[in-house]
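J.: Using the sequences provided together with the hints, build the complete structure.
There are 2 protein chains.
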Amino acid sequence: MAGDDQGTLYPVEVLREFTQQAFVKAGLPDDDAAVVTDNLIEANLRGVDTHGITRLLAIYIKRLRAGIVNAHPNITIASESSSAILVDGDNGLGAVVATWAMQEAIRRAGQHGACWAGVRHSNHFGATAYFTLMAAARDMVGIGMTNGPAAMAPWGGSKAYMSTNPISFAVPGEEEPVVFDMATSVAARGHILLAVTRGDERIPEGWALDKEGRPTTDPQAAVEGTVMPMAGYKGYVLSMMIDILCGCLTGAAFGPHLGPLYGQFERPQDIGHLLGAIDVGRMVPIGEFKSRLAQMVQEIKATPLAAGASGIFIPGEIEAGKRTRRLQEGIPIPEGVRHEFLEVARDLDIPFE
Amino acid sequence: MAGDDQGTLYPVEVLREFTQQAFVKAGLPDDDAAVVTDNLIEANLRGVDTHGITRLLAIYIKRLRAGIVNAHPNITIASESSSAILVDGDNGLGAVVATWAMQEAIRRAGQHGACWAGVRHSNHFGATAYFTLMAAARDMVGIGMTNGPAAMAPWGGSKAYMSTNPISFAVPGEEEPVVFDMATSVAARGHILLAVTRGDERIPEGWALDKEGRPTTDPQAAVEGTVMPMAGYKGYVLSMMIDILCGCLTGAAFGPHLGPLYGQFERPQDIGHLLGAIDVGRMVPIGEFKSRLAQMVQEIKATPLAAGASGIFIPGEIEAGKRTRRLQEGIPIPEGVRHEFLEVARDLDIPFE
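If you read the sequences in order, they're chains W and C.
So for the first sequence, our numbering puts the first residue at 2; every next one is plus one.
So for the second sequence, our numbering puts the first residue at 2; every next one is plus one.
Treat the hints loosely; a few may be bogus.
A pair counts as met if it fits within one copy or between any two copies, since identical chains are not told apart.
[Said to hold, decoys possible] Listed below are the simulated DSSO-like cross-link pairs for lysine-lysine, each with C-alpha atoms no more than 27 Å apart in a straight line: (1) Lys291 with Lys26; (2) Lys160 with Lys291; (3) Lys212 with Lys302.
Keep in mind that the hints were calculated from the coordinates and are not lab data.
These figures come from a predicted structure and were not determined experimentally.
T.: Here is the structure:
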């Protein structure tokens with residue numbers, strides 16, 4: 002699902018303009034529309050199409066128009082100390098709420114060395130790396146995590162309790178930042194849904210359990226079951242901890258109590274996030290940090306290859322390469338998504354193509 | 002290697018007294034001896050025998066007596082802002098240095114809401130959970146990570162560059178804290194060494210690569226090769242990020258530049274750590290946090306079991322149960338380790354048994 006480069010290539014600026022117009026027409030203020038547009042377009046540029054306009058534009062618009070996401074949230078700091086704040090997102094779009102919270106965390110990290118922002122009453126916020134990269138761009142360490150709707154069972158269980166809760170870290174580099182953003186499942190649920198849509202006969206072993214908690218390679222049985230945590234028990238405990246920090250620590254919903262993104266337009270999601278920033282320069286001179294990191298990157302790239310391996314990649318390297326290419330060549334829009342965009346354009350009475 | 006319960010049972014207080022005496026005789030001040038003794042005995046109590054006196058007492062004593070670890074470090078804050086400090090461990094024992102750093106992080110988190118302590122010029126510090134549990138005991142979120150000697154190749158490489166760098170999180174609960182402490186490898190290198198010692202014919206698939214970077218189940222080929230990261234590429238990127246935060250961010254060594262724990266008594270390890278605390282009560286009332294967490298724990302435990310599963314465990318639950326049992330029944334000391342202790346006792350002229 003992530004960036005298979007199939008579809009018609011559209012120039013980035015065309016898609017950006019369309020997305021901005023769509024969100025404004027759906028009721029967002031210009032500035033907030035610009036924030037969520039940038040969040041989604043950046044995911045597509047980096048090749049993470051599961052978190053770009055290609056998957057999220059239509060559903061975000063639908064939720065805004067249904068009034069189940071607040072287009073004019075009153076985002077506030079519900080409690081604060083100098084380096085730990087709790088942000089209430091007032092049911093705004095996740096990208097808007099989390100950008101606000103991360104900007105505040107970055108500002109305070111600049112003053113005090115570090116800051117955490119817990120966020121409650123938020124919604125789906127796109128790719129977690131978007132927020133950690135905001136910190137890296139300011140020469141800070143960025144840390145981000147979010148909870149989400151249940152898709153994964155506790156280790157040893159047969160019923161979904163937690164989401165594939167992702168975690169992201171980013172640090173500034175001499176040229177590119179080093180960044181990762183990983184779900185705590187083996188494979189995203191989207192890949193399994195896609196296998197069903199395509200009519201695939203099987204999915205790889207280790208991706209999913211059926212509804213009795215047995216390993217399955219049957220896509221339909223997998224959809225009715227749960228996705229498997231990465232690294233077995235370890236993925237489950239990491240996912241649970243992320244849910245504790247995003248839900249229990251903020252007062253957002255947790256576990257199966259979060260609302261879904263799709264198919265339900267009455268209950269807010271009440272998603273929680275935890276976003277943090279550490280100002281590198283308050284710990285060591287930023288130049289020293291970057292030069293040590295450049296040495297590490299160079300040494301890792303020079304490691305002798307394993308038998309059969311084609312190369313060694315630094316976290317974020319593939320995405321940065323894709324970003325450069327897509328900025329020049331455009332973003333591929335698959336035919337099904339193109340039709341979705343035409344429908345959005347018709348509904349909102351804005352041009353597309 | 003972790004807690005197989007084989008060996009003669011010794012009362013905890015007997016082992017604690019012996020360990021304390023050994024460290025004092027090896028040159029540590031009483032207070033520092035008490036810190037490292039508690040660190041190691043707690044690991045044994047929790048069943049993590051790879052990080053208890055069972056593996057670490059003899060080598061720590063040997064390094065202290067060789068003068069390659071500083072028995073009287075001048076631990077200082079090398080740079081500081083209110084919520085991010087850099088601690089210079091002056092080549093002290095890791096447990097002593099990291100306890101000092103975490104105490105300072107906890108104190109500052111109480112004042113400012115959160116604090117990070119980066120640590121450089123340290124040594125092997127035992128189990129990472131020891132430090133995160135210090136925070137949980139003070140009603141704070143604890144986060145800890147450390148780098149270590151190279152054992153794992155970058156994904157796609159055939160030569161060890163990074164350690165199996167562990168990460169731990171702990172949060173306070175109504176009764177027990179929820180805590181995890183995971184290496185970023187599939188299996189600890191100690192398990193592979195043990196297989197060689199025992200003359201096992203094979204190790205499980207997925208644990209290790211040989212020196213050409215090919216998967217192997219031959220214990221000897223695995224020892225000459227590298228351990229596999231957990232969850233494939235994801236374990237590699239998480240391990241690299243931990244090395245960046247513990248090494249590049251602090252000025253400690255990183256990658257293959259760290260000194261080994263064993264077999265080398267000329268070069269300090271120069272290990273780096275990153276330890277953090279968030280004061281829960283500065284974000285939400287601690288009672289609300291604990292009651293939400295208790296609900297989550299109860300709900301997870303009540304999940305229907307998967308086919309063939311014997312139960313669902315909360316992170317830290319097995320270790321807490323083992324701690325209760327071992328406090329009553331004693332800590333098992335395998336015969337080989339007992340002989341090691343007798344040797345330590347003879348060398349230091351202190352009683353054992």
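J.: For every hint, state whether the structure bears it out.
T.: Each hint tested on the structure:
Taking CA atoms no more than 27 Å apart as the test, Lys291 paired with Lys26 passes in neither setting, with 43 Å inside one copy and 43 Å between copies. Within a single copy, Lys160 and Lys291 get their C-alpha atoms only as close as 45 Å, which misses the 27 Å cut-off; across copies the closest is 24 Å, which meets it. In the homo-oligomer, the alpha carbons of Lys212 and Lys302 lie at most 27 Å apart only across protomers (17 Å), although the nearest pairing inside one protomer, at 43 Å, exceeds that limit.
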